[in-house]
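Peer 1: The primary structure of each chain is shown beneath.
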Amino acid sequence: MSCKDCSTPCASRQAPQPLHWRLDIGKIFRLLAVISLVAAYFVGQSLNQPSWIENIQAVYPKADITPSDHLDNTWEIHKDGEPVLLMSIATENGYGGPMTVGTVITQDGMVKAVKILAHSDTPAYIQRLSNNFFYRQFENQPVDRSFEAGKNFDVISGATISSNGIMKAHAAAAHYIARAEFGKHPVELKDDIRLSTSHYIMAALILLVLINIRLKNTTLKVAVILASLAVIGFMANQMINVANFSALFLGFLPTLAGNPGFWLLGGAVFAGIIVLGRNIYCGNLCPFYAVQFVLSKISGLNLPLHPLIKRYAANLSKIGLWAGLMVGFLTTTPTAGSYEPFSMIFSLQGEGIQWYIMPAVVLACFFVPNLFCRFLCPAGEALTRITVARNTLVHAIKGARK
Amino acid sequence: MAKQVSGSMKRTGIIISSVLMVVATASITAFLIDSLTRHL
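As you go down the protein sequences, you meet chains A and B in turn. Positions 0 to 401 (numbering that gives the first Met the number 0) are the ones given, in order, by the first sequence. Positions 0 to 39 (numbering that gives the first Met the number 0) are the ones given, in order, by the second sequence.
Don't read these hints as lab results, they were simulated from the structure. Mixed in with the good hints, there may be bad ones.
What the hints assert, rightly or not - Pairs of lysine-lysine, DSS-like flavour, derived with a Cα cap of 30 Å:
| hint | chain 1 | residue 1 | chain 2 | residue 2 |
| --- | --- | --- | --- | --- |
| 1 | B | 9 | A | 309 |
| 2 | B | 9 | A | 317 |
| 3 | B | 9 | A | 296 |
| 4 | A | 309 | A | 215 |
| 5 | A | 111 | A | 61 |
| 6 | A | 296 | A | 309 |
| 7 | A | 78 | A | 61 |
| 8 | A | 26 | A | 401 |
| 9 | A | 111 | A | 150 |
Work the whole structure out from these sequences, hints included.
Peer 2: Following this line, the structure appears as structure tokens:
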């Protein structure tokens, strides 16, 4: 037995040990990462102060635009020196963060147009709304018109949260003008929590994962993985990604009524970490893990990795988490740093280079099982960091009590 | 029992997995740089 493993007091152990100072590269990198993220947060906040008049001018390039002297967040659009239109703006949370909508109102209190002035959503989702003539349902309507999904307001399938965000921002802007300018009393929007079938199945899957922590049943685990692929992936398209963590720090979290699936899944995973000290998402509920699981079963391949990859590639997910947060903070757009191909696989909505990431990652996972989870997933890395921090804290508290 | 594979097959496997890893990492890096430049 070496001295290291021995707890018996002896002369050797009681002798004063010389102080050793060792350069810990890992700690230095972690410190630099935290400092750079804090700096990026503040730089992003200062760089991205919106100038609404420029955004409005981009919509009406030839018009003379001035801020209203008696209405908040409202601009007058002039023609031949006379104000002919009002644009009132309001901000609501969309899928990826805040979206600012400008509602253009005529002198007789009718909505002429609804324009998105700024958003943090994936551009493909916003394009989907334009392609489906989503905005037309707001046009030529009285300024005090209220909305209720399914009755007098159509959401675009696959972009439900963005649709609701735009509707709420438009209603806030239009109703403000209805009250302040036209003396009307519009019916306020109901912010009810609407649960769908996918939410109930998601809750059941979370429950099964918790039960299986005790049972450790392989068949049940596989069933949950495949069900999460169908429900959390294809039905709800509700994955945990690095954009959620950026949004958390930037204060862009959706409301409970706005995105109940996010709170159900995120809440359960967070509670699992805090209460059980376990990450119940990775390898159980993550639908992209399920994709990799299915690919691996189909191929039956497990290509060997280069020793350098084995040794160093585990750091890639840490770098990915840092880079994803950096881009999210610098641009104040959480989805800008979200490089995960999850959403694209289930919605087939993407843009530019995202179309290269998905096949590259899917092909790689076909040959090397769970390659994305093992080496590249920033959300998995974030959940692991939180779990480790929680467990370290709990052990420290228990140690202090003893 | 683990399957025995020849040295050349193992080398080919290492080359393929390394290429796939590099392509996946490069595409992610390109996306992040592109995203940053587009949003700033």
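Peer 1: All the hints need checking, so say for each whether the structure fits it.
Peer 2: Right, here's what the structure says about each hint:
For the hint pairing residue 9/B with residue 309/A, the CA-to-CA distance comes to about 15 Å; that is within 30 Å, so the pair holds. Restraint check for residue 9/B and residue 317/A: the C-alpha separation of about 28 Å stays at or below 30 Å, so the hint holds. Distance restraint check for residue 9/B and residue 296/A: the Cα-Cα separation of roughly 20 Å lies within the 30 Å cut-off, and the hinted pair is therefore satisfied. At most 30 Å may separate the alpha-carbon atoms for a hinted pair to count; residue 309/A and residue 215/A meet this at roughly 28 Å.
Only pairs whose Cα atoms come within 30 Å are accepted, and residue 111/A paired with residue 61/A is accepted, the gap being roughly 17 Å. Taken as a hint, the residue 296/A and residue 309/A pair is honoured in the structure, with Cα atoms around 22 Å apart against an allowance of 30 Å. Restraint check for residue 78/A and residue 61/A: satisfied, since their Cα atoms lie roughly 9 Å apart, inside the 30 Å limit. This hinted pair checks out: residue 26/A and residue 401/A have alpha carbons roughly 28 Å apart, not beyond 30 Å.
Distance restraint check for residue 111/A and residue 150/A: the Cα-Cα separation of roughly 22 Å lies within the 30 Å cut-off, and the hinted pair is therefore satisfied.
Every hint, counting from the list given before, is met by this structure.
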